[in-house]
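Visitor: Listed below, chain by chain, are the residues.
Number of protein chains: 2
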Amino acid sequence: MDTVVQNEVVAKAKSGKKAAPLLATASAGKRTQALRAIATRLRAQAADIVKKNAEDVERARQAGTAASLLDRLTLTPARMEDIAAGADAIAGQPDVLGEGETWTRPNGLEIQRVRVPLGLVGIIYEARPNVTVEAACIAFKAGNAVLLRGSSSALQTNRLLVAAMQEALQEVDLPPTLIQLIESGDRHDVDELVRLNRYLDVIIPRGGADLINRVVQTATVPVIETGIGNCHVYVDKAADLDKATRIVVNAKTHRPSVCNSAEKLLVHQDVADAFLPVIVKALSDKNVKLKGCAETVRRQPHLPVAPDQDWDIEYLDLVMAIKIVNTVEQAVEHINQHGSHHSDAIVTEDYAASRTFTRGVDSAAVYVNASTRFTDGGEFGFGGEMGISTQKLHARGPMGVRELTTNKYVVLGSGQTR
Amino acid sequence: MDTVVQNEVVAKAKSGKKAAPLLATASAGKRTQALRAIATRLRAQAADIVKKNAEDVERARQAGTAASLLDRLTLTPARMEDIAAGADAIAGQPDVLGEGETWTRPNGLEIQRVRVPLGLVGIIYEARPNVTVEAACIAFKAGNAVLLRGSSSALQTNRLLVAAMQEALQEVDLPPTLIQLIESGDRHDVDELVRLNRYLDVIIPRGGADLINRVVQTATVPVIETGIGNCHVYVDKAADLDKATRIVVNAKTHRPSVCNSAEKLLVHQDVADAFLPVIVKALSDKNVKLKGCAETVRRQPHLPVAPDQDWDIEYLDLVMAIKIVNTVEQAVEHINQHGSHHSDAIVTEDYAASRTFTRGVDSAAVYVNASTRFTDGGEFGFGGEMGISTQKLHARGPMGVRELTTNKYVVLGSGQTR
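Chains as they are written, first to last, in this note's numbering: chain H, 1 to 418; chain W, 1 to 418.
Here chain H stands alone, though its shape is the one from the complex (with noise of 0.2 angstroms):
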């Protein structure tokens, strides 16, 4: 590796591990304070980021990157406002550090359980520059400090961005280092990045399943996988097919390229006849492109077989396969079996089936007739969120201010031995 960048990422990951006890000691106050001083500064260089945004874009245009990509990589003004206005709304959300329980023991020890930050978070992510602000505000929120590594092609853009956090900070007299980006490019940082045990107390990647497997492969500092999402909408032969047709429409095509939309549609084999022609008709109207298992092509046999592979993956696209099952137990296991244990749902007027679905699927969340697409930090209630982990350590679904956060017993007492 460049020894240059090794110099970068293990010099920023030292001196944020140094920063970190500051703003772990520091008042909410102080916190909000600072995430208020960052809305501040990027409104007022807005314009500024826009500009030197576009030559990003425009790099990325001549490289060939597809256009659904150069939009997620472009600021406006209009979304400049709304990074600010995210910084301002985390500033406002209630402070989660020192909450905790107390209790005392019978030789008189008074333990207490304080939540406290986790140190020095690192957080790998892709192309939007947004991304930059709303993980930076909410791991700062929790008292963390935080180590991006962006996109190569948004670098300029997250340069400006992250200088507009650092000035906020000094503003506010918290050290700089609080916030930092490498900015190298090479794709040998997030390698030396994941390995940093010394320094950095945990790392979330933010991206597709490529970039989470890599780190997951070569990490040895804890890992929070987000975001592999290969969801499944289950019509129960007890659905309501209105309520069932209506779901798999929004969950499959509200914004097919994120996380919580359906991938996969299996339906009761006692209602595959009734809502078959119905649901395809929907989904083509919708411009999605539908594949089936045998007996699914055996009803509609305009349909391609889906291959074998495609139950395992992710589309994040506006492609659907649909199977055929004979019960809710045999939909339970395909899901347990080929799902990313993400988000699914079933439609059901059942209450049996319905308990044997939420019991039995070994998912972040389970819905019962409601669209995969509620799975987010904003529709739990939960503010912001750094993404949706899908993992069972340490936090499981959509990842808020408290999921950023570790706790500490403190034992106080008056000389007490064993």
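One or more hints might be untrue.
Unchecked claim - In silico SDA-like pairs for lysine to any residue, Cα to Cα no more than 20 angstroms straight-line:
no., chain 1, residue 1, chain 2, residue 2
1, W, Lys17, H, Glu333
2, W, Lys17, H, Glu329
3, H, Lys14, W, Asp312
4, H, Lys281, W, Glu126
Note that these hints are calculated values from the structure, not bench results.
On the provided structure of chain H, position chain W as indicated by the hints.
Guide: Okay, now just chain W, sitting in the frame of chain H:
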């Protein structure tokens, strides 16, 4: 790797994962019944197990195993009764599954955050066969399937203990694959186990620093690090020196081979001349070998100088290194830089010093005027414990039954879409 080994590890992980949902959806009453049956079976088979254990111990003795390790390996009728009583105690603890909160969103969606088991928990541990039962029962109480990988020196004993637990499971109509032991004894089965993300939800290594580091370096399955303890007692300038003496002697000598023992003593320079002669005599009387920093040795010239690397290591023995510091802040900085973030204590009668220490030290448990030896699930009031987590993700400090669970969101709707 030996294919037979690999096959055993994969086959048991697969069958454990398959069995896990049966336990997750079993009632609390059924889990209690199983744990009671385990206690009964262990009592009934205690004599046979003690007899077979003697063979393991004899084999280890012939292989030149140290006396302290032989002691840890040995089961007696009294220890068997302790083990069975432990299973009974876990059975009697309140159940934690299904606990949670519920709230309703403005759109009418009812969101439930429900405590559920992790799934299949892998536990890798060293010689003590009592861990086989204790770890299995705690994880089982939390609704998890368990895959145990113990020390090859205890293999015959562990086989009988697991067989007794499996018979108890069958007696209450639960699959024996809920509690399994990897029997190969091949070192490489650990490397295999920690990368089986498809089947294992979490890996908990319980043992020495070498085992823990090896697991952290090689695992792709999420890990909860436990039990490396380079713990400190800091004697402040405002310490009650009698209290300090009692606490230091207890923290060092009560049970020197465990992770919450103190390994380092930090002394404020203002009390060094008064305290050092007293504590050096008190510890020497208990056969503690002492070493010191240059300042300590200047005052206590008969002590050897502690090599630099000593400040970062765990002795797990009657050895202690003493360092003189100028301020409480310097003590905090030393502990954060060299400690293992496990348990650290201040002895002081000064309010501000106690606050600086408890807020500044980044450890799982921070004590004021009490021995570090209290970091323990039982002493904290959690019933048993799976180990002491020294990481910040998921669980920090003593891990009881509650720490071996995760959550699931169950979202109940009436047709909501976005």
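Visitor: Hint compliance check: list the failing hint numbers for this structure, sorted ascending.
Guide: Hint check: 4 fails alone, others pass.
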